[in-house]
Amino acid sequence: MFIKIMFLLSAALILGTGVMAAVTKNIMHSCIYLLGSLLGIAGLYITLGADFVAVTQIMVYVGGVVILMLFAVMLTGGKEFVSKTQKLLGLIPLMGNRCSYSFGVIGALVFGGIATKLILNIVSHLSIKEVEPYESTIEALGKLLITEHVLAFEISSVLLLGALVGAAIIARPRKKDW
Amino acid sequence: MIPLAAYLGISVFLFIIGLVIMMSRKNIVAILLGIEFILNAAALNFVAYSRYVTNNLDGHIFALFIIVIAAAEAAVGLAIVIRFFQLKETIHIDEATQLRN
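The listed protein sequences correspond, in order, to chains E and A. Counting in the working numbering, the first sequence runs from 892 upward without gaps. Counting in the working numbering, the second sequence runs from 172 upward without gaps.
Warning: the hint list may mix true and false statements.
[Unchecked claim] So, partial list: chain E residues that the calculated Cβ filter (under 8 Å) puts toward chain A: (1) Phe893; (2) Ala903; (3) Gly907; (4) Gly909; (5) Val944; (6) Met960; (7) Ala963; (8) Leu1032; (9) Leu1036; (10) His1040; (11) Leu1050.
[Unchecked claim] In silico SDA-like cross-links for lysine to any residue, where the CA-CA straight-line distance does not exceed 20 Å: (12) Lys916/E to Ser195/A; (13) Lys197/A to Leu258/A; (14) Lys916/E to Leu900/E; (15) Lys916/E to Ile264/A; (16) Lys1008/E to Lys197/A.
[Stated by the list, open to error] Where chain E lies over chain A, by a calculated footprint (3+ residues, C-beta under 8 Å): (17) 185 to 194; (18) 248 to 261.
Derived from the structure by calculation, the hints contain no laboratory data. Remember, predicted model here, so these are calculated numbers, not experimental data. Even glycine gets a Cβ: it sits at the ideal position worked out from N, Cα and C.
With the hints as constraints, model all of the structure from the sequences given.
Okay, structure coming up:
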């Protein structure tokens, strides 16, 4: 029951803030809506029993990435603070007449129907079971990270170092160029 | 219990939102924001399949590495955006037409 309520709340948060992030004109508001959406995804991770991933999501995304984006927006704001967004349909020029569009829609419906049928067939044959809902995954994750996935773990540390040095070098002000 | 298809539907929705943001915006920061949506859709799929289908923790590991790579990508991308703004005084994507001044 608790999990169902949590799922519904998180899904509503994601749907609402996702749509608002796509339609709002101001890039600053869009970043704030991204924050709401990321919190909703963390809630979905909790309903899936992935506690460590949920906490990491909140710490890295909400505490790091969104703040970084807000800083970038404020640093590069200037005159174009309210970004020039265009309507999606006005952006794409027309590439056919009514007949070709209707053929396209019918073709897409037929293809979608067939694809849905195939995928449902596959999904219904999968063995869908569930693990126990409240089981802490931190110990098991730590063991997996330093035994089976240790190579990816070490490579990701090198990647983070490279990203750190690269970002510092790229953003460094160069006096001669400008 | 909550079906697997609900999580997959939310993941598809997030992917479409990210794609729409990337296609309709001209601001480079907004395009990076769309990429974050798409990466989150992928990570949600990994965790959902790991709970309902394989019943082990490999999907969680994948989601953690996706979060790590998304953070690194955001740092480097925003550094490039700030450098680009220093050179061109704008962050409109159509102004990015050359690699070197």
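These are the hints, each one checked on the structure:
| no. | hint | verdict |
| --- | --- | --- |
| 1 | Phe893 | violated (12 Å) |
| 2 | Ala903 | violated (11 Å) |
| 3 | Gly907 | violated (11 Å) |
| 4 | Gly909 | holds (4 Å) |
| 5 | Val944 | holds (5 Å) |
| 6 | Met960 | holds (6 Å) |
| 7 | Ala963 | holds (4 Å) |
| 8 | Leu1032 | holds (6 Å) |
| 9 | Leu1036 | holds (7 Å) |
| 10 | His1040 | holds (5 Å) |
| 11 | Leu1050 | holds (6 Å) |
| 12 | Lys916/E to Ser195/A | holds (11 Å) |
| 13 | Lys197/A to Leu258/A | holds (18 Å) |
| 14 | Lys916/E to Leu900/E | violated (26 Å) |
| 15 | Lys916/E to Ile264/A | holds (16 Å) |
| 16 | Lys1008/E to Lys197/A | violated (38 Å) |
| 17 | 185 to 194 | holds (count 5) |
| 18 | 248 to 261 | holds (count 11) |
Checked against the numbered hints given earlier, this structure breaks hints 1, 2, 3, 14, 16; the rest are met.
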